[in-house]
Structures are given as structure tokens and as C-alpha cells.
Amino acid sequence: MSANKPVSVNAELSYQKAPDGSIVVFLKGILNSDTITYFYKELTNLLKIEIPRKLTFNCKDITYCDTIGVSLFIKAAELARQNNYGYEITNLDKKYTQLLNLFHPDTQEAVGEVTIKETFIERPGEDSLILLADIKENITFIGQATIALLLSLLNPRKVRWKDVLVTSEKVGVNAFGIIALVNFLVGLVISFQSAIPLEKYGGTIFVADLLVLSTFRELGPLMTAIVVNGRSGSAFAAEIGTMKVNEEVDALTTMGLDPIKFLVVPKIIASLIMIPILTVFGNLFALIGGLVVMITLGFPPVAYLNEIVSAASYVDFLGGLFKSVFFAVIIAGVGCLEGLKTQKGPAAVGDSTTSAVVRGIILIILFDGIFGVLFYYLGI
Amino acid sequence: MEDKMEDREVIISVKNFTAAYGANVIIDNISFDVYKGEIFVILGGSGCGKSTVLKHMIGLYPPASGQIIIEGEDITAVEDEKKIGILKKIGVSYQSGALFGSMTALENIMLPMEEFTNITTDMRKLIAKMKLEIVGLKGSENKLPSELSGGMIKRVALARAMALDPEILFLDEPSAGLDPITSAELDQLIINLAKNLHITFVIVTHELASIYTIADRVIMLDKKVKKIVATGNPQYLRDNSKDPWVRQFFNREAEVQTAN
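Listed in order, the protein sequences are those of chains Y and H.
At position 276 of the first sequence (counting the first as 1) the number is 862 in this note's numbering, and the numbers step up by one without a gap.
At position 200 of the second sequence (counting the first as 1) the number is 305 in this note's numbering, and the numbers step up by one without a gap.
The shape of chain Y in the complex, shown without the other chains (with noise of 0.2 Å):
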């Protein structure tokens, strides 16, 4: 029967059976970590063969007994008085009874497990309601954004501009290389891509025509702002979740400072500054991609360039640019909505950055095809 007993500690639990149905347990040795499952197995095993009228624990030989050995007492408690048999402990040291009297014997029934079972009509209802509550809060936040960049714009001196600079280069500046490397990779998957059905029709040369219309118009601008919002969407939402959570953007409050003026709108501004510039370094690199084949395909850059002077026009690049603006206060609007979000706790910091990310890539290529349908009935 004790077969589960840890070799190298000492623990032993016997037992004695009397004529009138009780039963006194002798416990045996240490009463800890180690040794408190063996007891409470071999109890557990005892207590099924039968029940007992009066269970009695004599403790004359526990050597050490902490609050994990305390813990079989308790339950030993509880069993019994589930079945409604006499419970006696005896000879229990008296520092052991001492750690003993910290505990209420009810402490295994205490608890608040409140599970709260929603039906299927609810769950629909209260989703419904968080929706609601939701685009509710999104549209207040535009509101009061667009309000407060306004009054900013209005009144340039009220802007922290020290804080615009320093988002200005997270942003931008430190963006710079993944912007390129992103946008030189593009260019040149897709002009090689691209070269092969081509050369069938022996128009290799138009490569350049196709490289450029789609990066000026559609992929430059998008790849950018996906990259951007990926890299400053999610850590402005890190930020501001995180000075949520430590009561940072309450203290504003409370100094009558308004967080979205002093948290949002340098945000805002930095990136209404610098994505439209890392989309024009991102153009440039996404040609160069293009160049890098065309050249191994025998042309001169000469060709090249020619080829897309004539394609493309101005047009084309600044409705690019035009788009990457909208793009920029989607990406620092969202980033900075979730952010201000934020519920209590840590896991509410990753929630936030998650959905900032998640939201900020739907609202930018919602928008992305948005501006497809318009450039085209205004025949742009």
C-alpha cells in the first residue's frame, strides 16, 4: 500500500482499526512537500475501503510539519465532516497546532468559484454592446483628435515640439533601413518577376513602365505605411498602454494636462512629417530593385531611366504621397487609440499593440482601395 512513498524521506502513515468503527491514523515522520501527497494518497485510500465512525490522527511521531503538511489536516477535516464522522487530532506538537490555528476549517469550501454561464441570447446582446461602445469610443477619439490637432496647428507654439522631434526619428530617421531594404526587395521580385512574362513578347523593356506606375501609385506608398505601422503603430500603442496602466495618463488628466494633445498629436504630426518622406526614399529604392535587373537583363540604365520618365508622371507619384498622408494619421491614430484603450494589466499592453497592428493594416488597405476607386472615376 505504500508504494508511492518517497524512498529517501522519512514519512510512514499506519492505521488501526477499533471493534466500534473508529479509526486511529498514525502519522509518521516528516509532513512537507515532498512526503504530503504519499499521505494523502494512502488516506484518501483508506478512507474509500470504508468510512469510519470517528477518525482520529495521533501526531506523536511527525518530526517537522509545515503549512503544505498542515494542508492534510484540513482535508482530512473537510472529508469528514462531508460524511459526518468524529474528527480528533492528538499529540500534535504545539508549534504544529499553532500553524494549525492560522487555518478556519472551512478553508476548502471558501471559494468564490463563480462561474457565470452566459446563454446564447446574451453573448450575441453583450457583443453587440461592446461593438456599439466601441465604434462609439473610435468616433469620440476622431473627434477630439482632429480637434485638438487643429487648435495645434492653429497655435504651433502650444506643441511640444521636442516630442515631435524625438518621435520624428523612431519614426522616420530609424526606420530609414528596413524602409529601403523592404521596398528595394519589392521592386526587384517584382521586375523580375514580371521580366519573364514579358520577354514571351519581347517587351522586357516595359518592366520599367509597370515597376514604376505600381510603385508610385499603389506599392510604394503601401508597402511603407505597412512596415511603418507594423514598426510605430504597435509601439505607440506600447507606450501609451504601458503609461496607462502605470496611471501616467490619469496623472495628465489630473494636471489638466489633455493626454491626446500631449500624447496624440506629437504622434500625429511626426508621422504626418516623416511617412510621406520614408515613401518617397521608399519609391526611389523600389526603382533601384527594378534597375538592378533591368541591368542584368542586358539594359543600360540610361534605357531605364528613360523609360520611366515617360511612363510615369507627376500624377502618379504625388497621389502616392497623397495617400501615404492618410496613411500616417491612420497609423499613429490607431497606434495611439489602442493605446489610450488600454485596460488594466500587462496583458492589456500586448492586447492593445495586437489589435493597434491588426486594425491599422485593415484601416490602411481599406483605405488603399478606397482611393483606387476614387483616383480612377477622377481619372487620376
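These aren't lab readings, by the way, just hints derived from the structure by calculation.
We put the beta carbon where it would ideally sit given N, CA and C, even for glycine.
Please note that the accuracy of each hint is not assured.
Short derived list, chain Y residues pointing at chain H, Cβ under 10 Å [as the list claims (entries may be wrong)]:
(1) LYS680
(2) LYS681
(3) HIS690
Capping the alpha-carbon separation at 20 Å, the derived lysine to any residue pairs in SDA-like fashion look like this [to be verified]:
(4) LYS193/H x TYR650/Y
(5) LYS194/H x ASN618/Y
(6) LYS930/Y x ASN247/H
(7) LYS193/H x TYR140/H
(8) LYS703/Y x THR209/H
(9) LYS300/H x THR649/Y
(10) LYS329/H x ASN129/H
(11) LYS930/Y x ILE258/H
(12) LYS681/Y x ASN297/H
(13) LYS141/H x ASN618/Y
(14) LYS680/Y x ILE296/H
(15) LYS930/Y x ASN832/Y
(16) LYS193/H x ASP179/H
(17) LYS927/Y x ASP713/Y
(18) LYS160/H x GLU184/H
(19) LYS681/Y x GLY142/H
(20) LYS329/H x THR123/H
Partial chain H-side listing against chain Y, Cβ under 10 Å, derived [stated by the list, open to error]:
(21) MET218
(22) ILE232
(23) MET267
Given chain Y, work out where chain H should sit, using these hints.
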């Protein structure tokens, strides 16, 4: 009282310990022993490196020089399995609680038991509930740390530190932010655990009332000299220390401007 201590078993021995962040020396060559079953308090003014000493003693940071020996093993020199062996003997409760935000109070306490023992789930639950009861938080089992107040978080953190009934408990500012009653109850609990279970406590605290109640011995660190300026029983130091700064500290007086 001091003499009696000398006969007791040394459980932690800090030898020629220097702590530095880069070139900035925080603690300069200090040595002290902690005896088994005593309540040992590290004191000092704000920013004197109390928490730094504590964090080095639990092996979080390597010291700039010196040894920290816990039950015969130098925690600064051991690695992997052996280090985990030492860490299992100690429990730490941090200044800010450091509860895992995604787990309920009960799950926070059950985590060390899940990882290091073979205790069955229902017993783990019971033991975790008992630990919560010890710190006076019965009924908060299923609350997330974000739903608990600052003082409650500290108490759950203490309960988690005690989860495995460690031999040594390191507490960083355990009673800061608790109300006087809870704070006094915590003191009684610490005394009870030290007396009955021979748990050794190493505590960093500022709370004078609590220090007089619980501390067997204190060491006092000073920011200026970066060394221990006083060792001994707090009541004795309050009345008999030759260092005026130490007396001020224990009598809660403002600093007197001296010539240097």
C-alpha cells in the same frame, strides 16, 4: 542576545561583497551572516542599495566581487540545476508584487507547486487557499491581479513566495502600502513562521514599528560610505548606537546639519 546568536547555524553568508552597476559602486566590500530561523532586516535610507543587496542575495545579479553562500553553496558560482536547487529553498516577494497578470491569485500561488512538486491538483488548490488565508485574503482566490488593490497584491505575492514552504524568505518592503492592522497581522505571521517553522527571513523595510516587533537583528547600510554602519538588535541600536545618524534613523528624526 548577541552572544547567543554566535552559536547558531549560519544559513546565509555574504563575504566581501561589492555591488556595482557599471562603474557606479553601490555597495563597497561588505560581509555579514544570517543565522537559521532569525528575522534579519536590511535597513538604510532611500537609495542606499538595500534592494540591490537583496537582489544579489537571491542570485538575480552577479556581484562585482565577493561571495554569497546559501546553505554552503555559493549562489554566484553555481549554474543550472544546482542553482534551481538553491532557488527552490528560497521564496521571494518583490516590492511591486510581480504577480503574473494573466493568472488569478490562486493560480499564481499554485504555479511553483505545479512546476516543482507532484502534489495532486485538489491538494494544490487547498494549499494555495491556505496560503491565501494566512495572508488574510480568503475569498479573493479567483481574482486577477488587475482586480486586486496594491496591498492585496503584496499579500498574494507573499503567499506565492511561501508556496513551497521555503527555508528562507526574502521580502522586499512587505508591509509598505498595507493598512496598520494588516501590517501588524503580517508581522505576527512572520514571527509565527520564524518561530514554529524555523523559516529564515531576510527583509528589506523602512517600517520602524514593524522592525521593532519582528527583527532579531538588523544591518544598516549607508549611502555615503556604501558600507554597513550598524549591526545588531534594533532597540539596542536606537538607544546605544554611537553613530548619531543611526540614532536619528531609529528615532525617526530629521537629519541634523553637520560640519562636513
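Going down the list of hints, with the structure as the test:
no.	hint	result
1	LYS680	holds, 9 Å
2	LYS681	holds, 4 Å
3	HIS690	holds, 7 Å
4	LYS193/H x TYR650/Y	holds, 18 Å
5	LYS194/H x ASN618/Y	holds, 13 Å
6	LYS930/Y x ASN247/H	holds, 16 Å
7	LYS193/H x TYR140/H	holds, 19 Å
8	LYS703/Y x THR209/H	holds, 19 Å
9	LYS300/H x THR649/Y	holds, 15 Å
10	LYS329/H x ASN129/H	holds, 13 Å
11	LYS930/Y x ILE258/H	holds, 14 Å
12	LYS681/Y x ASN297/H	holds, 9 Å
13	LYS141/H x ASN618/Y	holds, 18 Å
14	LYS680/Y x ILE296/H	holds, 15 Å
15	LYS930/Y x ASN832/Y	holds, 9 Å
16	LYS193/H x ASP179/H	holds, 15 Å
17	LYS927/Y x ASP713/Y	holds, 17 Å
18	LYS160/H x GLU184/H	holds, 17 Å
19	LYS681/Y x GLY142/H	holds, 14 Å
20	LYS329/H x THR123/H	holds, 15 Å
21	MET218	holds, 7 Å
22	ILE232	holds, 5 Å
23	MET267	holds, 7 Å
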